Structure formats: C-alpha cells, structure tokens
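Colleague: Modelling step: build the complete structure from the supplied sequences, incorporating the hints.
Residue numbering for the sequence shown follows full-length UniProt numbering, starting at 1 and increasing by one per position.
If you are wondering where the hints come from, they were derived from the structure by calculation, not from laboratory data. Keep in mind the model is a prediction, meaning the values are calculated, not measured. All C-beta atoms in this analysis are idealised placements derived from N, C-alpha and C, irrespective of residue type, glycine included. Do not rely on the hints blindly, as some may be mistaken.
As the list claims (entries may be wrong) - When the alpha-carbon atoms are kept at most 25 Å apart in a straight line, the in silico SDA-like pairs for lysine to any residue are as follows:
(1) K58 with L130
(2) K58 with C107
(3) K58 with L104
(4) K73 with A57
(5) K73 with C45
(6) K140 with T60
(7) K73 with G18
(8) K58 with L12
(9) K58 with W108
(10) K58 with T111
(11) K73 with L101
(12) K73 with L93
(13) K58 with I13
(14) K58 with Q112
(15) K58 with A133
(16) K73 with T49
(17) K58 with P33
(18) K58 with S127
(19) K73 with E46
(20) K58 with A78
(21) K58 with R145
(22) K140 with G6
(23) K140 with L9
(24) K58 with H11
(25) K73 with S26
(26) K140 with L12
(27) K58 with G75
Claimed, not checked - Distance ranges between label pairs, derived from CB positions:
(28) E22 with S79: 25 to 31 Å
(29) A78 with H144: 38 to 44 Å
(30) S154 with G6: 19 to 25 Å
(31) L90 with A115: 30 to 36 Å
(32) T139 with R40: 23 to 29 Å
(33) Q61 with S154: 30 to 36 Å
(34) P62 with L90: 14 to 20 Å
(35) L122 with A99: 32 to 38 Å
(36) G86 with Q112: 35 to 41 Å
(37) T139 with A63: 18 to 24 Å
(38) R103 with S154: 50 to 56 Å
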Amino acid sequence: MLPGLGTQLRHLIELLDGAVEEAYASAGLRYRPRFTPIVRALMACEPSTIGQIAEAAKITQPAATQTVTLMIKEGLLASEPGPVDGRQRLVRLSPRGRAMLPRLNECWQITQMAADSLDASLSRPLSQSLDEAIAALGTKSFNHRMAEARTQLSGAESPSSKSTLRKRPTGAGKNDAKKKRTRAA
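Modeller: Rendered as structure tokens:
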C-alpha cells in the first residue's frame, strides 16, 4: 500500500526540518525551524499582535500563539500589553533574538541554496508544486474536496451496487449438490 499524502508530507517535513535544525545547531543557535515564520513576520513589522503575526506568517492564530509562547520562554521574544487594550499583547524580538539575526540570515541563505539545489534535481520544482497546491486549496479547500468525495462515495454505494450477502439456510453447503443429484436420479 502506498503512503498517503499526509504521511508523505510529514516525512518530507521531518527530512527538511531535521537538516535545517542541524544547521542551526552547527551555527551555535538554540533555534527551531518553526520559529522562522514568526521571526520573519516581526522583522517585517515590529511590534505585532499575535493576529498580525499569524496573518503575516500564514499560520493559524493558535499555532502562532503556541510558538510565540515557546519563543518567549526561550528568551527570543518579548511581549507587552497593547496601549489601547491591555488584553492584546504586542510582541517584539528580544535583545537575544535580535542578536541572533545575522547568524539566522546566514542559515536562511544556506537553506535557500539547498532548497534551490533540491528543486533543480527534481523533474518539477517542489516549490512550484507547493505554490500550486496552496493556490488550489485557496480556491477549493481540502474540507470541501473531502465533502465532495464523501458524496461521490455514498452515491456510488447505491443499493444496486452493494453486494447482498444471503445467509445460507441451515444444512446448506456441500451436501446440497449431493441431494440434487440424488433427487434427479
């Protein structure tokens, strides 16, 4: 049985993130690949709310909240109450996070060069396929596609297409043929 799409994607992420994480460690950084969208969002617009970070990073708000919380614990980000609404938090790079930027930029350059090398070795660039898949899911979500598949599957299982299994009466089986031959004789 071939692996499903989810299995393939998880395996691909493990292969990519594992190598990138090793590169960060080799550069002396305590940093995870999942931090990158947050850092890049803050590099573009700082300070930002969690909602702004999620939108800029193209991740869900719960994922942004979870990652920002982890990064604050790691000392990479700082958070303060918003000026208008104290419940809203403004997030920025901490001095430690900002000090990592030159080494992070170098790691990101290396990562991009490796990604370009991967794209060049494929029959079709992975980045192009991913862009197309993301755009297609923006047009019609995977939830919608699954609902359509569910409808098709339930339509294909109409009563006429279902196999009907009849229970054999007691005593049915090998002896039935013998009885028929005896009666016919």
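Colleague: Hint by hint, note whether the structure agrees.
Modeller: Evaluated hints:
no., hint, verdict
1, K58 with L130, "holds, 14 Å"
2, K58 with C107, "holds, 21 Å"
3, K58 with L104, "holds, 20 Å"
4, K73 with A57, "holds, 20 Å"
5, K73 with C45, "holds, 21 Å"
6, K140 with T60, "holds, 18 Å"
7, K73 with G18, "holds, 22 Å"
8, K58 with L12, "holds, 19 Å"
9, K58 with W108, "holds, 18 Å"
10, K58 with T111, "holds, 20 Å"
11, K73 with L101, "holds, 18 Å"
12, K73 with L93, "holds, 12 Å"
13, K58 with I13, "holds, 17 Å"
14, K58 with Q112, "holds, 19 Å"
15, K58 with A133, "holds, 15 Å"
16, K73 with T49, "holds, 17 Å"
17, K58 with P33, "holds, 15 Å"
18, K58 with S127, "holds, 16 Å"
19, K73 with E46, "holds, 19 Å"
20, K58 with A78, "holds, 21 Å"
21, K58 with R145, "holds, 21 Å"
22, K140 with G6, "holds, 18 Å"
23, K140 with L9, "holds, 19 Å"
24, K58 with H11, "holds, 21 Å"
25, K73 with S26, "holds, 22 Å"
26, K140 with L12, "holds, 24 Å"
27, K58 with G75, "holds, 23 Å"
28, E22 with S79: 25 to 31 Å, "holds, 29 Å"
29, A78 with H144: 38 to 44 Å, "holds, 40 Å"
30, S154 with G6: 19 to 25 Å, "holds, 23 Å"
31, L90 with A115: 30 to 36 Å, "holds, 32 Å"
32, T139 with R40: 23 to 29 Å, "holds, 26 Å"
33, Q61 with S154: 30 to 36 Å, "holds, 34 Å"
34, P62 with L90: 14 to 20 Å, "holds, 19 Å"
35, L122 with A99: 32 to 38 Å, "holds, 37 Å"
36, G86 with Q112: 35 to 41 Å, "holds, 40 Å"
37, T139 with A63: 18 to 24 Å, "holds, 23 Å"
38, R103 with S154: 50 to 56 Å, "holds, 55 Å"
The structure fails none of the hints (numbered hints given earlier).
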